[in-house]
Structure formats: C-alpha cells, structure tokens
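Go ahead and model the full structure; you've got the sequences and the hints to work with.
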Amino acid sequence: MLEPINVSLESLNLGTLTPMLIAICGALAILIIDLIKKDLDKSLYVMLGILILAVDLGSVLGQQVNVRGFFDVMLMDGIAIVSQVIILVGSIIFLPLALGKKRFHEYKYPEYFAMFLFMVAGLQFMVATDNLILIFVGLETASLALYTLIALHNRERSFEAAIKYFTMGALAAAFYALGSAILYALTGSVEIGQIAQALGDRNFEPIVLILAAAIFMIGALGFKLSMVPFHTWTPDVYEGSSAPLAGYMSIMPKVAGFVVAIRLFEFMIQSGIWWVHDTLMVIAVLTMVLANITALVQNDVKRMLAFSSISHAGFLMLAIVIGTTKANSALFLYFALFMFTNMGAFTMLWISRHKSNKFHNRYDHPFEKFAGMIRIQPVGAVIMALFMLSLAGIPPFSLFWGKIYVISAAVDSHYITLAIIMALNSAIAAYYYLKLIVYMFLKDPAQNDGTAYVKNASKSLQTVIGICAFVTLASIMFVGPILDTITYMMQVSGF
Amino acid sequence: MESLVYIALFAPLLGSLIAAAFGTTPKTLFTGIVTSSLLAVSMFASMILLAMAVSGAYIHVELMEWIGAGDLYIPFGFVVDEVSATMMVVVTIVSTMVHIYSIGYMEHDIGFNRFFSYLSAFVFSMLVLVMSDNFAGLFIGWEGVGLCSWLLVGFWYHKKDVTRDVNPSISPSWAANEAFIMNRIADLGMLIGLFLIYWFTGSLQYSEVFAAIGDVDMTIVYWIGIFLFIGAMGKSAQFPLHTWLADAMEGPTPVSALIHAATMVTAGVYLVIRANPIYDVVPDVGYFIACLGAFVAMFAATMALVNRDMKRIIAYSTLSQLGYMFVAAGLGAYWIALFHLATHAFFKALLFLGAGNVMHAMDDELDIKKMGALYRVMKPTAIFMILASVALAGIYPFAGFFSKDKILEVAFNEQTYILWFVLWVTAGLTAFYSFRLIMYVFFGKDRHTEWGAHPHEMPNFVLWAMSPLALLAVIAGWFEGWFHGYATNLLPDYAFSDATHHMVAMLIAVTTAVALGGIIYAIVRYRGNGPKKPTNVNSPVYKLLINQYYIPVIYENVVTKPYAKLSSMAWSIDMKVVDATVDFIANSIYGAGSTARGLQTGNLSKMLRLMAAGVAALLVAAVVYGTLR
Numbered sequence: 003m004l005e006p007i008n009v010s011l012e013s014l015n016l017g018t019l020t021p022m023l024i025a026i027c028g029a030l031a032i033l034i035i036d037l038i039k040k041d042l043d044k045s046l047y048v049m050l051g052i053l054i055l056a057v058d059l060g061s062v063l064g065q066q067v068n069v070r071g072f073f074d075v076m077l078m079d080g081i082a083i084v085s086q087v088i089i090l091v092g093s094i095i096f097l098p099l100a101l102g103k104k105r106f107h108e109y110k111y112p113e114y115f116a117m118f119l120f121m122v123a124g125l126q127f128m129v130a131t132d133n134l135i136l137i138f139v140g141l142e143t144a145s146l147a148l149y150t151l152i153a154l155h156n157r158e159r160s161f162e163a164a165i166k167y168f169t170m171g172a173l174a175a176a177f178y179a180l181g182s183a184i185l186y187a188l189t190g191s192v193e194i195g196q197i198a199q200a201l202g203d204r205n206f207e208p209i210v211l212i213l214a215a216a217i218f219m220i221g222a223l224g225f226k227l228s229m230v231p232f233h234t235w236t237p238d239v240y241e242g243s244s245a246p247l248a249g250y251m252s253i254m255p256k257v258a259g260f261v262v263a264i265r266l267f268e269f270m271i272q273s274g275i276w277w278v279h280d281t282l283m284v285i286a287v288l289t290m291v292l293a294n295i296t297a298l299v300q301n302d303v304k305r306m307l308a309f310s311s312i313s314h315a316g317f318l319m320l321a322i323v324i325g326t327t328k329a330n331s332a333l334f335l336y337f338a339l340f341m342f343t344n345m346g347a348f349t350m351l352w353i354s355r356h357k358s359n360k361f362h363n364r365y366d367h368p369f370e371k372f373a374g375m376i377r378i379q380p381v382g383a384v385i386m387a388l389f390m391l392s393l394a395g396i397p398p399f400s401l402f403w404g405k406i407y408v409i410s411a412a413v414d415s416h417y418i419t420l421a422i423i424m425a426l427n428s429a430i431a432a433y434y435y436l437k438l439i440v441y442m443f444l445k446d447p448a449q450n451d452g453t454a455y456v457k458n459a460s461k462s463l464q465t466v467i468g469i470c471a472f473v474t475l476a477s478i479m480f481v482g483p484i485l486d487t488i489t490y491m492m493q494v495s496g497f
Numbered sequence: 015m016e017s018l019v020y021i022a023l024f025a026p027l028l029g030s031l032i033a034a035a036f037g038t039t040p041k042t043l044f045t046g047i048v049t050s051s052l053l054a055v056s057m058f059a060s061m062i063l064l065a066m067a068v069s070g071a072y073i074h075v076e077l078m079e080w081i082g083a084g085d086l087y088i089p090f091g092f093v094v095d096e097v098s099a100t101m102m103v104v105v106t107i108v109s110t111m112v113h114i115y116s117i118g119y120m121e122h123d124i125g126f127n128r129f130f131s132y133l134s135a136f137v138f139s140m141l142v143l144v145m146s147d148n149f150a151g152l153f154i155g156w157e158g159v160g161l162c163s164w165l166l167v168g169f170w171y172h173k174k175d176v177t178r179d180v181n182p183s184i185s186p187s188w189a190a191n192e193a194f195i196m197n198r199i200a201d202l203g204m205l206i207g208l209f210l211i212y213w214f215t216g217s218l219q220y221s222e223v224f225a226a227i228g229d230v231d232m233t234i235v236y237w238i239g240i241f242l243f244i245g246a247m248g249k250s251a252q253f254p255l256h257t258w259l260a261d262a263m264e265g266p267t268p269v270s271a272l273i274h275a276a277t278m279v280t281a282g283v284y285l286v287i288r289a290n291p292i293y294d295v296v297p298d299v300g301y302f303i304a305c306l307g308a309f310v311a312m313f314a315a316t317m318a319l320v321n322r323d324m325k326r327i328i329a330y331s332t333l334s335q336l337g338y339m340f341v342a343a344g345l346g347a348y349w350i351a352l353f354h355l356a357t358h359a360f361f362k363a364l365l366f367l368g369a370g371n372v373m374h375a376m377d378d379e380l381d382i383k384k385m386g387a388l389y390r391v392m393k394p395t396a397i398f399m400i401l402a403s404v405a406l407a408g409i410y411p412f413a414g415f416f417s418k419d420k421i422l423e424v425a426f427n428e429q430t431y432i433l434w435f436v437l438w439v440t441a442g443l444t445a446f447y448s449f450r451l452i453m454y455v456f457f458g459k460d461r462h463t464e465w466g467a468h469p470h471e472m473p474n475f476v477l478w479a480m481s482p483l484a485l486l487a488v489i490a491g492w493f494e495g496w497f498h499g500y501a502t503n504l505l506p507d508y509a510f511s512d513a514t515h516h517m518v519a520m521l522i523a524v525t526t527a528v529a530l531g532g533i534i535y536a537i538v539r540y541r542g543n544g545p546k547k548p549t550n551v552n553s554p555v556y557k558l559l560i561n562q563y564y565i566p567v568i569y570e571n572v573v574t575k576p577y578a579k580l581s582s583m584a585w586s587i588d589m590k591v592v593d594a595t596v597d598f599i600a601n602s603i604y605g606a607g608s609t610a611r612g613l614q615t616g617n618l619s620k621m622l623r624l625m626a627a628g629v630a631a632l633l634v635a636a637v638v639y640g641t642l643r
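Residue numbers (the working numbering), protein chains in the order written: chain B, 3 to 497; chain R, 15 to 643.
Note that these hints are calculated values from the structure, not bench results.
This structure is a prediction, so every number in the text was calculated from the model and none was measured.
By construction, the Cβ of each residue, glycine as well, lies at the ideal position given by its N, Cα and C atoms.
Don't take each hint at face value.
Unchecked claim - Some but not every residue of chain B turned toward chain R, in silico, with C-beta under 8 Å:
| id | residue |
| --- | --- |
| 1 | 231 |
| 2 | 238 |
| 3 | 426 |
| 4 | 430 |
Quick look at the structure:
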C-alpha cells in the first residue's frame with residue numbers, strides 16, 4: 003500500500019514557474035486563435051508575441067532572487083534572472099522583424115510564432131534550473147523548435163541548414179545524455195549542486211570517469227556554443243536561416259548555453275580539476291583564432307558575421323575559464339551589449355534582403371552588394387558602419403565596454419597571456435569588420451538606385467535598427483549601472 | 015540660480031541639436047527662428063546672471079564629475095563671476111543679433127539649417143570656454159570654438175582652390191584648414207602650459223591654481239605664462255600666427271562678425287585676463303605681451319591701409335584692436351582690457367554686419383573700389399557703419415573712445431612711451447582706414463553701376479537686429495565708471511599715478527586730434543572722384559603692404575613646402591619598412607584563413623566525423639592524463 007503523497011502548494015513555489023508558463027500559454031493561445039479564425043494578419047501575432055514576452059519579462063523581473071521551486075527542480079538565482087532578461091529582451095527585439103515589406107514564407111504560419119514562444123520557454127527552462135534532466139528538456143524543446151523555425155524559411159539552403167543542425171544536434175544530445183549518465187552513475191544525483199558536493203566528498207576519484215563526463219558535456223555544450231571543433235554547423239546554418247533568425251541564434255541560445263556551462267564547469271575548475279580548465283582554455287583560444295582567420299576570407303557578409311559570432315563565443319568562453327565574479331559579470335554585460343549590436347547588424351542585412359540574388363549566385367549579402375553604399379544610402383551606411391565599429395570593439399561603442407571588462411577580468415586574475423591573445427584577436431577581427439566599411443565608404447557603387455538596400459524596409463524594422471543603434475551609441479551612459487546590477491546578481495548566486 | 019546657469023549654457027546647444035536634426039534637409043525657416051529664440055533665452059538668462067554678479071553673488075555649480083582618476087579630479091564645473099558674466103552677456107548679445115541677422119543673410123543658401131546648427135554650437139562652446147571654472151573645461155571650449163570656426167569658415171567648402179593673386183585666401187576650405195592647423199600649433203603651447211600648471215600646482219581649478227601659484231618656482235611660472243600666451247596667440251591671431259584671421263574672412267559674413275571679431279578671437283585676451291594672478295607674478299612676460307600687442311596693432315593697421323577687400327580691412331582692424339587689448343592686459347590693466355573687449359565686440363560686430371549688408375547689395379563683391387555712392391540706396395546701413403567706424407576710431411562720446419583712450423593712458427602711465435607712441439600712431443591709422451572704407455563704399459563716385467550691380471537695402475528685421483548693436487556701439491562707453499567698480503571686485507584694480515592724472519586731458523586731446531586728423535584726411539582724400547594723385551601701386555611699400563609683408567609666401571616656402579618634403583620622405587620610409595612589415599603579417603594571417611577554410615566543407619558526414627573525432631581525441635587525452643597523474 004503506497005502512502006499518499008502530500009505536497010503543500012506553498013512548498014511548490016509555483017511562482018518560479020510563471021515565466022515559462024506565460025510563454026507556453028501564450029504559444030497555445032496563438033494556436034487556438036488560429037484554430038478559431040484562419041488567415042489573420044501576421045502583425046496580430048507579432049504584437050501578441052511581444053505582449054506575451056513583455057508579461058513574461060515582467061514576471062521574471064518580479065522574481066525573488068535565489069528561490070527554488072517545484073520540488074527544488076527550478077532555481078531562480080541571479081544568473082537565471084539576468085540571462086532570462088537578456089533572452090526576453092532579445093526576443094522582443096526579434097519579433098518585429100517579421101514585419102518587413104516583403105512577404106516571407108514563414109510568417110504566413112501562426113505556428114511560427116507559437117514555435118518561437120516554445121523556444122523561448124525552452125531556453126528559460128535551461129537557465130532556470132540546475133537539474134540536468136530539466137536542462138536537457140529545455141535544451142531539446144528549444145532546439146527542436148529552432149530547427150523548424152529555420153526550415154520554415156522555405157529555401158533549399160534552409161532545409162539543408164535545418165537538416166544539418168538537426169543531425170549534429172542529435173549527436174550533441176547523445177553526448178549530453180552520456181555525460182549526464184556518467185555523472186549520475188558517479189554521484190546518484192542529477193542536480194549540479196549535489197553532484198559537486200558528492201564529487202568533492204569522494205575527492206574527485208576516479209578522475210578518468212569524471213573527465214569523460216566533462217568531455218561529453220564539452221562536446222554537447224561546445225556544439226551549442228559553436229566551439230571548435232563542434233562549430234562546423236554554424237556558418238551553413240546561419241547562411242540558410244533568415245537574417246533575423248541568424249542574428250537571434252548567435253545570441254539567445256548561446257546565453258542559455260553559457261549559463262549551463264557556468265553551472266557545470268566552474269565548480270570543476272574551482273575544485274582544481276586543471277585538465278578541464280586547460281582543455282576549455284585551449285578550445286576557447288582555438289575557437290577564437292580559427293573563426294577569426296576564417297572570417298577574414300569570407301565573401302558574404304552574413305557568413306562573415308557567422309564566423310565572427312563564433313569568435314565572440316570563444317572570447318566569452320575564456321570568461322568562464324577565468325571564472326571570477328568579475329569575469330562572469332563581464333560575460334553577461336557582453337551579451338547584453340552584443341545582443342543589440344549584433345541584432346542591429348543582422349537587421350541591416352534583413353532590410354536589404356531581396357528575393358532574387360542579383361549580386362552573387364549563391365550569397366544574399368556579398369560584400370560587393372554594399373560597395374559605395376555611402377553615396378546611395380548614406381544613413382544606412384553610417385548605421386551599418388556603427389555596428390561594425392562596435393563589433394570590432396572600437397570605443398566608445400557598446401561592445402568595447404564588454405571587451406574591456408572581460409580583458410580586465412583576465413588581467414586581474416593574472417591571465418596576462420590570455421589578455422594579449424584576446425587583444426590580438428580583436429585586432430584581427432577589426433580587419434574584416436573594417437573590410438565592410440571600406441566597401442561601403444571607399445568603393446564605387448555597384449548599382450545606381452538605392453532600392454536594393456531598402457527592399458525589405460518598413461517602419462518596424464527601422465525602429466528596431468534605431469533602438470539598436472541608440473544602445474550601441476549611448477552605451478557609455480549606462481554601462482556602469484548595468485554592470486553593477488549584473489555583478490550583484492552574480493554575487494548572490496555565488497558565481 | 016543654478017538652473018539659470020544651465021539655461022544660459024544649454025539653450026544654444028539645444029538649438030544646435032534641433033537645427034542639426036534638419037541639417038541635411040533644405041531650408042526650413044523655423045530652424046533659424048528656434049535657434050535665435052533659444053539664444054535670446056540664453057541672453058536674458060545671462061543678463062540676469064550679470065545682474066546677480068553685480069550684486070556680488072557668485073554662482074558656482076558642478077554639473078557632474080568629469081575626470082576622476084587617482085589624484086586628478088576635474089569636475090564639469092561652471093562659475094559665474096564678474097569676468098565670466100561680462101563675457102557671457104557680450105557673447106550672447108552679439109550672438110543673438112547675429113543669429114537674427116543670419117536669417118536674412120543666409121536666406122537663399124541651401125545650407126541654411128546646417129549653418130544655424132554650427133552657429134549655435136559655436137555659441138555653446140564659447141560659453142563653455144568662458145564659464146568653466148577650470149583650465150580643462152576652458153580647453154574643451156577652446157577646442158570646441160576652434161572646431162566650429164573650422165566648420166563655419168569652410169562653410170562653402172565646395173568652392174575650388176584658386177591661386178593667391180586671384181584670391182589671397184585661396185579657398186574657403188583652404189582658409190578653414192589654415193585656421194585650424196595654425197591653432198593646433200598654438201594649442202600645443204597651451205597644453206604644455208596646462209601640463210605645467212597641473213604638475214606644479216596639482217590642480218586645474220582656477221581658485222586652487224591661483225592660490226598655489228605663489229609657491230611655485232619663478233622660472234616655472236615664467237614658462238607657464240609663456241606657454242599659456244602661446245595658446246592665446248593662436249586664438250587671438252597675434253604675430254606670427256596671425257595669417258589665418260584675414261583668410262578666415264572666406265566664411266559667411268555673420269560668422270566673421272560673431273567669431274572672428276566679437277567672440278572667439280578675444281578668447282586669448284580672456285585667457286590672459288582670467289590668468290591674471292599668474293601674469294602678476296611675472297610682469298616681464300606681461301611686458302612682452304604688451305610689446306607684441308603694440309607691434310601687432312600697428313602691423314595690422316598698416317596692412318589695412320592699402321587693402322581693397324572690405325572684409326579683410328575689417329579683419330586687419332580686428333587684429334589691430336586685439337593688439338590694443340593685449341597691451342592693456344600685458345601691462346596689468348586687466349579690467350581695461352576686458353572693457354575694450356566688450357565695447358569692441360559691439361562696434362566691430364556692427365561693422366561686419368554692415369559689411370555683410372553691402373556685400374549682399376553688391377552681389378558678394380568685396381572690392382571697395384568697385385562700389386561708391388551707396389549712401390543713397392542704403393542709408394540705414396551707411397549710418398550704422400559710420401557709427402561703428404566712429405566708435406572704432408575712438409571719437410567722444412562713442413564706445414571706442416572710452417576704452418581705447420584708457421589703454422593709451424595705461425601705456426603712458428607705465429612710462430612705456432614707445433608703446434604709447436605706437437598706439438597713438440595706430441589710432442590715427444585706424445581712423446584713416448576706417449573712413450577710407452566708408453568713403454569708398456558709401457560716398458564718392460558711383461563705380462558699381464558700370465559693372466551692373468543693383469544695390470538694395472536688407473529687409474527691415476535685419477536692420478532691427480543690428481540696431482541694439484548700434485545703440486551699444488554708441489553708449490557702451492558711458493558705463494566706464496560703473497564697469498570699473500564692478501570688474502575690479504574680481505580683477506586687480508589699476509592705479510594711475512598722479513603725474514598721469516594731470517596729463518589726462520592733454521592725452522585725450524592729442525589722441526582725439528590724431529583720430530580726427532585721420533578721419534578728415536580720409537574724407538578729403540576720397541571725396542568726389544577719389545584721390546587727385548592715386549596711390550603708386552608699384553611702390554615697394556605698397557607692394558609690401560598689399561602682400562601682407564609677404565608673410566604668407568614666406569610661410570609657404572619656409573614651412574609648408576619643406577614640411578611636405580619631409581612628409582613624403584617619411585611616407586616612403588613608412589611604405590618600405592612599416593607598411594611592408596604590417597603587410598607581411600596581414601598576408602600570413604590571410605593565408606592561414608584560406609587554409610582554415612578547408613575545414614568548412616559543408617559536408618554533413620565530415621562535420622559529424624569531426625565532432626566525434628573531437629570528443630574522441632579529448633577522451634584519449636583525458637585517459638593519458640588520468641594514467642600519468
């Protein structure tokens with residue numbers, strides 16, 4: 003005879019679940035609306051999506067810090083809140099990009115927006131827990147939704163991208179499952195906190211098994227974060243996706259991935275498993291360098307941005323390797339700033355998107371397309387240049403502050419060599435960002451009317467660009483307060 | 015209180031930003047109106063602040079911390095005291111009138127909005143310069159006005175370069191660059207001065223610097239005084255950095271009136287006045303400043319004697335009057351320098367705006383020998399310009415009389431009789447060339463109908479905008495006694511000896527005589543059909559003067575060309591050594607990129623294999639590590 007299980011509602015602390023529930027219910031609502039009345043305009047779903055995400059954001063901001071809930075599965079610590087805020091703000095910026103002037107296949111389906119909200123919920127689950135199983139569930143929810151979003155773009159390259167991403171994702175999922183299984187076998191728990199405790203109790207023996215678990219985890223998360231050698235999907239997938247989605251992918255899933263990586267690797271690094279530390283460092287440096295030099299030789303702006311985002315990820319992996327509070331805070335500050343700049347850059351590409359490729363038979367956005375843009379579309383060229391300069395880390399634009407804090411965290415922890423490598427890589431990166439500026443400002447125009455640059459322009463896209471440009475420009479004003487908030491959040495969650 | 019300071023300071027900036035928002039669009043009248051009204055707001059705020067400064071209330075505000083690094087703490091601080099309140103009122107009055115005037119003057123210019131954006135930005139920078147409570151803020155304003163001057167002188171940047179015989183200033187963009195580069199040289203001196211101040215007094219706040227200057231080694235104070243004055247020489251176009259001012263006349267005339275007559279060029283004088291505690295410690299430097307000032311006064315006046323370009327004549331007269339101000343400041347009569355600065359701002363701005371009216375009537379013709387008899391058609395302008403010229407010549411009871419005569423008295427009182435004599439002669443020259451211009455332009459034979467000019471007066475509101483300046487050009491001098499009491503609350507008083515007191519009437523008589531003589535001679539010489547015996551244009555003296563003592567040519571041959579040679583030499587070294595090295599590094603990295611690209615085949619099977627291989631390799635490494643440990 004089983005004992006009836008009594009659980010008091012208070013102890014469940016359902017409040018910790020509300021953010022994700024809002025997103026999921028919102029997604030279901032969109033599906034229901036579509037069932038009731040077909041063929042509603044996409045703008046309704048966009049606005050609905052923004053509204054849902056705004057409410058979601060409100061409920062995240064209303065969370066108490068460091069609360070567990072739902073049988074201790076949920077964990078709303080500072081890091082979870084900060085990362086969810088970044089994810090939600092980025093998602094809110096992403097949605098209006100559906101309102102371009104041209105019609106694209108995916109936006110015809112309300113499912114696109116529902117799927118997007120499911121993905122957001124998945125990412126939120128990933129960051130708001132330290133339970134390996136829930137992380138897995140969140141990861142897969144987000145990924146499966148994302149594969150579909152990519153494929154919905156309905157071009158040959160999109161299907162190819164989705165298939166590649168899916169297949170490699172499956173392998174990564176296998177790595178993740180293996181890694182979790184080993185950790186569970188060693189410790190009998192799936193909660194990272196308890197795993198750390200148990201491993202510490204047994205003095206990190208047998209080390210080979212622990213390392214094997216760590217390696218599988220590196221493989222899984224390395225795939226998500228596009229670390230070398232698990233990065234090969236990135237350029238192809240970015241190229242196949244629509245520009246906004248590529249911009250989105252280069253940030254939000256990575257934020258979630260980094261949160262998991264922080265939770266998982268930092269206890270290992272801090273308890274003196276130097277092998278993990280060194281491996282991660284080598285992988286991060288390799289990622290940064292390899293992606294940077296490959297980006298140099300790209301002919302397409304979107305592929306260039308894809309490689310550059312890999313190198314940014316490598317740069318940020320070093321923050322995890324350093325592992326101090328300052329480094330972790332810098333990581334999130336970096337993402338908060340990177341989000342606006344990168345979304346802005348990809349939106350600029352999105353604005354100039356046209357249905358037929360008249361500049362290159364394969365690429366949508368070859369460098370030649372932007373030649374002489376300053377004479378045809380001066381405002382657009384200046385804004386694009388602004389984003390490029392920010393990505394290159396030129397002061398006083400936003401990303402400079404992110405870079406400088408990460409590098410100063412490295413110096414503070416006596417990683418002088420790392421700091422130099424980071425600085426050198428920023429110098430290499432400046433080359434390909436400036437290459438676009440050179441094309442835009444110094445070359446003769448490839449065409450005479452400016453319509454190619456604004457084919458897909460609409461008020462909502464311009465608004466998004468305006469917001470991104472403003473944040474990029476004015477970041478100097480609010481970097482301080484944001485960093486203070488993030489640092490506080492890091493400290494209370496013990497990272 | 016504080017809000018008044020901020021209103022006075024930021025209203026022009028707001029105007030500038032509003033106008034800038036419409037900078038690329040064609041003319042919209044309201045940008046002119048908005049900027050002008052905001053400047054009027056700033057003007058009234060400045061006047062109230064002046065009234066408060068009169069009643070002895072200092073206002074000192076700190077907007078925010080600006081630089082705080084280690085021991086260095088520089089706030090964005092502003093101070094309203096006797097000196098800065100005077101400067102603020104002068105600057106905002108002239109600016110407001112010039113803004114309103116420009117609405118008419120720039121009416122048909124396609125860059126109308128852009129012009130107002132620059133002009134208001136200039137006023138903001140100028141206010142930062144005069145209101146700052148520390149040298150760093152002053153320097154920011156200093157550079158800001160330099161930048162705006164560059165933008166405005168080169169406002170018609172699309173005009174092509176021509177040779178020096180066609181137009182001595184070559185082109186607006188050339189003139190703008192010349193002004194900017196020449197000021198860079200001076201600013202280097204100024205920066206060194208500021209570094210020295212910070213190094214030896216540990217602060218850049220005026221109050222702290224002046225309190226500590228007494229304890230600093232005398233030699234150092236000498237150098238500080240000299241370097242600060244080098245900065246002042248650039249902004250105020252003192253010899254040998256004077257050539258840019260006449261060339262800067264390429265800018266639109268309201269710009270010349272505001273920047274190159276009334277405000278920016280007086281910044282150097284302001285600096286010396288502001289730094290008076292430093293110059294009091296080193297009277298020798300002050301004496302040098304006075305000598306250079308007297309030299310420039312005469313030097314510029316002689317060039318004005320023969321020039322045919324209306325705006326250049328007025329520019330040389332500005333240069334000459336700046337010389338007067340430096341004499342006063344150098345000899346320690348700071349309040350008199352400030353007083354002349356203020357009166358000069360009014361009548362010189364008026365003179366320039368009048369010249370603008372004439373240019374407008376003459377289709378931008380500047381040669382005074384192609385004008386004549388304009389009095390009939392442009393009566394108000396003619397009266398304004400005559401008023402301004404009389405004031406400039408220093409005839410009682412116009413503004414110039416009070417301030418200029420005081421400077422001559424100072425020179426006499428210091429027993430520097432040579433300085434006094436030079437200034438006395440210059441006063442005569444000033445009167446002569448001012449009225450030469452008046453006679454050529456407004457009286458004598460009509461020489462413009464023959465080349466087809468159709469002179470017409472400016473719209474009424476433009477003339478109204480000039481009238482406050484005209485009024486001030488007449489009455490500003492009457493406040494001398496009051497100003498003396500007021501300014502010496504902050505600035506050191508200047509005491510005349512008894513001997514000078516006895517001589518004052520005599521001095522005034524002598525000076526007035528020479529000025530009247532100059533005027534009468536000009537009138538007699540240029541009335542009717544012009545001079546009976548025309549000037550010999552081939553005489554060496556004439557050639558020397560019309561070619562500005564050949565100084566621009568000398569600069570070109572001695573400085574510009576050798577420098578260009580040196581630069582091209584450095585360039586070839588750079589190409590062969592530095593560039594080659596950099597190119598080599600870049601090419602190797604680029605090559606590495608092409609190789610690395612091979613990884614990216616796009617083949618899914620290869621990609622999966624690579625991933626698995628990565629994990630496998632790591633596992634092997636881990637096993638090796640585990641066994642070795």
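Evaluation of the provided hints:
{"no.": "1", "hint": "231", "verdict": "holds (4 Å)"}
{"no.": "2", "hint": "238", "verdict": "holds (6 Å)"}
{"no.": "3", "hint": "426", "verdict": "violated (10 Å)"}
{"no.": "4", "hint": "430", "verdict": "holds (6 Å)"}
Of the numbered hints stated above, the single one contradicted by the structure is hint 3.
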